[in-house]
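S.K.: Given the coordinates of chain A, work out where chain B should sit on it, guided by the hints.
These protein sequences, in sequence, are chains A and B. Here the numbering used here is used: the first residue of the first sequence is 1, the next is one more, and so on. Here the numbering used here is used: the first residue of the second sequence is 394, the next is one more, and so on.
Calculated directly from the structure, the hints in this document are not laboratory data. Computed from a predicted model, the values in this text were never measured in an experiment. One or more hints might be untrue.
Listed below are the simulated EDC-like cross-link pairs for lysine to aspartate or glutamate, each with C-alpha atoms no more than 20 angstroms apart in a straight line [claimed, not checked]:
| no. | chain 1 | residue 1 | chain 2 | residue 2 |
| --- | --- | --- | --- | --- |
| 1 | B | Lys636 | B | Glu665 |
| 2 | A | Lys171 | A | Asp117 |
| 3 | A | Lys310 | B | Asp510 |
| 4 | B | Lys703 | B | Asp714 |
| 5 | A | Lys243 | A | Glu272 |
| 6 | A | Lys243 | A | Asp214 |
| 7 | B | Lys703 | A | Glu176 |
| 8 | A | Lys171 | A | Glu107 |
| 9 | A | Lys310 | B | Glu462 |
| 10 | B | Lys703 | A | Glu69 |
| 11 | A | Lys310 | A | Asp321 |
| 12 | B | Lys564 | B | Glu554 |
Number of protein chains: 2
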Amino acid sequence: MFEYRLEASEGFARAGRLALPHGEVLTPAFMPVGTYGAVRGLHPAEVEASGAQIILGNTYHLHLRPGEETVRAMGGLNRFSSWPRPMLTDSGGFQVFSLAGLRTIEEGGVEFTSHIDGSVRTLTPESSMEIQRALGADVAMAFDHVVPGQASWALAEEGMERTLRWLDRCKARHAELDAGGWVLGAGENATSPQPPVPSPQTLWPIIQGGVHADLRMRSLEGTLARGPWTGIAIGGLSVGEPKPVMHRVLEGFAGALPDDRPRYLMGVGFPEDLIEGIARGVDLFDCVAATRNGRHGSAWTSVGRVNIRKATHRTADEPLDPACDCATCSRFSRGYLRHLFVAGEMLGLRLVSLHNVRFLIRIGERARTAILAGEFSSWSREWLRHYHPRGDA
Amino acid sequence: MFEYRLEASEGFARAGRLALPHGEVLTPAFMPVGTYGAVRGLHPAEVEASGAQIILGNTYHLHLRPGEETVRAMGGLNRFSSWPRPMLTDSGGFQVFSLAGLRTIEEGGVEFTSHIDGSVRTLTPESSMEIQRALGADVAMAFDHVVPGQASWALAEEGMERTLRWLDRCKARHAELDAGGWVLGAGENATSPQPPVPSPQTLWPIIQGGVHADLRMRSLEGTLARGPWTGIAIGGLSVGEPKPVMHRVLEGFAGALPDDRPRYLMGVGFPEDLIEGIARGVDLFDCVAATRNGRHGSAWTSVGRVNIRKATHRTADEPLDPACDCATCSRFSRGYLRHLFVAGEMLGLRLVSLHNVRFLIRIGERARTAILAGEFSSWSREWLRHYHPRGDA
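If we strip away everything but chain A, and leave its shape as in the complex, we get:
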């Protein structure tokens, strides 16, 4: 369980298999984001049919609504949301650090104001582990200190060092919870013992250090020194820094990452980011852009972005992307999709979101095929040559 097997590599690019309690994940792979236990606007059967092997749940959002106790009472996030395949939950850290002006960071943890009801709450390394254990995903993420993309060396060092200290606390609490006999650390039911969610769960650490190569390397070394992790995440990228900077950071430690563990680049990305990330040794990605852009009528296609709301699509009979095999492209015209958006009919949001999700998943599938065939370098160069990130949007 939780084993990763490297099948092939080409440069830094890798193809592998990750065994998780709810199934196997063939990498590289994009993980759609299911904020509230549902990939926005999509039915789990649609997400499954799109080829998604694993989806992500947001600890911050699920803690606020419906609350982890509700999810646990309903048998955990997989059962609650009727998603049969692997899941990963983030730690909530990224969300609470994004609540600028609404949170206070201390060594103990983060005090924040709920964006739902204004209540003051606390998230700590320990409570993040407790919440994630109650949610019961296959993979829990460490509670880290995220700094902005342009953070100074000093600020990035502070966040990175705190992330290491918090990792110790996450690891200790996660091990306690795993050993059973645990009770909740926070909330109204804190003293009522409840049975733990039965499915095994692993904990992945997060590399921080901003855009500073030396800090990233120290973060990696400090992290590896703290345990035999089953996977390693890279956080604090795609948070405002220029893309070439992100690429440089990834290249900086790609050679130092252990070969036998999956690498997860958090919060990334756009289609071209997946290609660039895979080329730099990344195995897993997640990002809300697929569904967020989809809800705004912005679709990725093999030649670039398409804004389906544009009047030029009014009587366009062709699909969003003639080269796409998704359920939307195989049935609906651009003209109909544009009409749905103009009329405010929610089927439109759903169909374009579904297309975008499939678009990213297929990049993972095709990159994998290319790596296994030793053709990733030429395939990715060709892909990037045809794709125009700006498109018509």
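M.R.: Chain B in isolation, oriented as in the chain A frame:
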């Protein structure tokens, strides 16, 4: 084509088969409403899987967005919206008459102000036929004059007589369009000849007369005198009058309706309305309540209405309706559905809408089975005994 075959009857209740260009409709049947060429929030594959045999499109809404010329250029409403089965379009009359303060009624037609862009437009018996022909549904509806549910005898007579005069004009224009060589009567492309949508289309008249039995009978006689219609609709009910009054009106002319034509009760209804309507000889129904209520979290179940937003459902593991065979009830718990609504996740709207659509369709299916078995009277009595229209909502 357009033939209706009566298979069995029990009292006024009927089971039959209606042959339409896009397929056969087994009656009694509920027609989901696809306002903008999509049943709100639902994928055509979901609507088809729910057992829908025919859906309705709104001429008023489709005329404003995307416009009938766009639909025609895209090959008609079936092809445009990727709906392979029969369709019916209303005349737009009900919508423009509902625009109180925004429309002027004259013998020629109705001048109204678009709720989209404030533009002043006109709908006439002729232009309604032209728009519906461009949309290309299997069944077009006559452009009628609808009066409020509590309209006086004099007002109801005026609307009923005008509906008959307009029926002559609808019939004439529809025949011209059917004969081919027609051009558009309105809009910027009025003079550019375009090929008619190829699929055959029939025209159904609408009985008016408010709640007044004598006017309803005159309307029916006047309508039957005007042509060998392939179906007959009953309009102007469920528009504010008490339900017993609607039942009395239906009973008043149920015996006078021709046996060999389908009867369509427009804009009805709720589950109990279908049962009561079928008992009074109705074959077809349509209503937006299934999807509108669904979007507000109000679900019909075999024991009555359930408001899924209620806190009592927070950790409820059972489906909306344990007796339901819909795709929602077979996979999702009340607790999860409540969570989706509380979190504002649009999957919730969709899942409850889908349940409600299937709920009405299944009433048609079960009523049909009961009528064919000669058990409608006992089945419907039992159904109504268990169902509480108010429920917990």
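S.K.: Below or equal to 20 angstroms on CA atoms is what counts here, so check B/Lys703 against B/Asp714.
M.R.: 15 angstroms, holds
S.K.: If you draw a straight line from the CA of A/Lys310 to the CA of B/Asp510, is it 20 angstroms or shorter?
M.R.: OK: A/Lys310 and B/Asp510 at ~18 angstroms, within 20 angstroms.
S.K.: Starting from A/Lys171, check that the Cα of A/Glu107 is at most 20 angstroms away, please.
M.R.: 16 angstroms, holds
S.K.: Hey, A/Lys243 versus A/Asp214, does the alpha-carbon distance stay inside 20 angstroms?
M.R.: 19 angstroms, holds
S.K.: Against the 20 angstroms threshold, does the CA-CA distance of A/Lys310 and B/Glu462 hold or violate the hint?
M.R.: 18 angstroms, holds
S.K.: Within 20 angstroms, alpha carbon to alpha carbon, are B/Lys703 and A/Glu176?
M.R.: Outside the cut-off at roughly 36 angstroms; violated.
S.K.: Keeping to a limit of 20 angstroms between CA atoms, is the pair of B/Lys636 and B/Glu665 held or broken?
M.R.: 10 angstroms, holds
S.K.: Next pair to validate is B/Lys703 with A/Glu69; report whether the Cα-Cα distance is within 20 angstroms.
M.R.: 18 angstroms, holds
S.K.: Against the 20 angstroms threshold, does the CA-CA distance of A/Lys310 and A/Asp321 hold or violate the hint?
M.R.: 15 angstroms, holds
S.K.: When you check the alpha-carbon spacing of A/Lys171 and A/Asp117, does it fall within 20 angstroms?
M.R.: Cα-Cα ~31 angstroms, so violated.
S.K.: Hinted pair, alpha-carbon criterion (20 angstroms max): A/Lys243, A/Glu272. Please report holds or violated.
M.R.: 10 angstroms, holds
S.K.: Does B/Lys564 pair with B/Glu554 here, judged by a C-alpha cut-off of 20 angstroms?
M.R.: 15 angstroms, holds
Violated hints, listed in ascending order, are 2, 7; each of the other numbered hints is respected by the structure.
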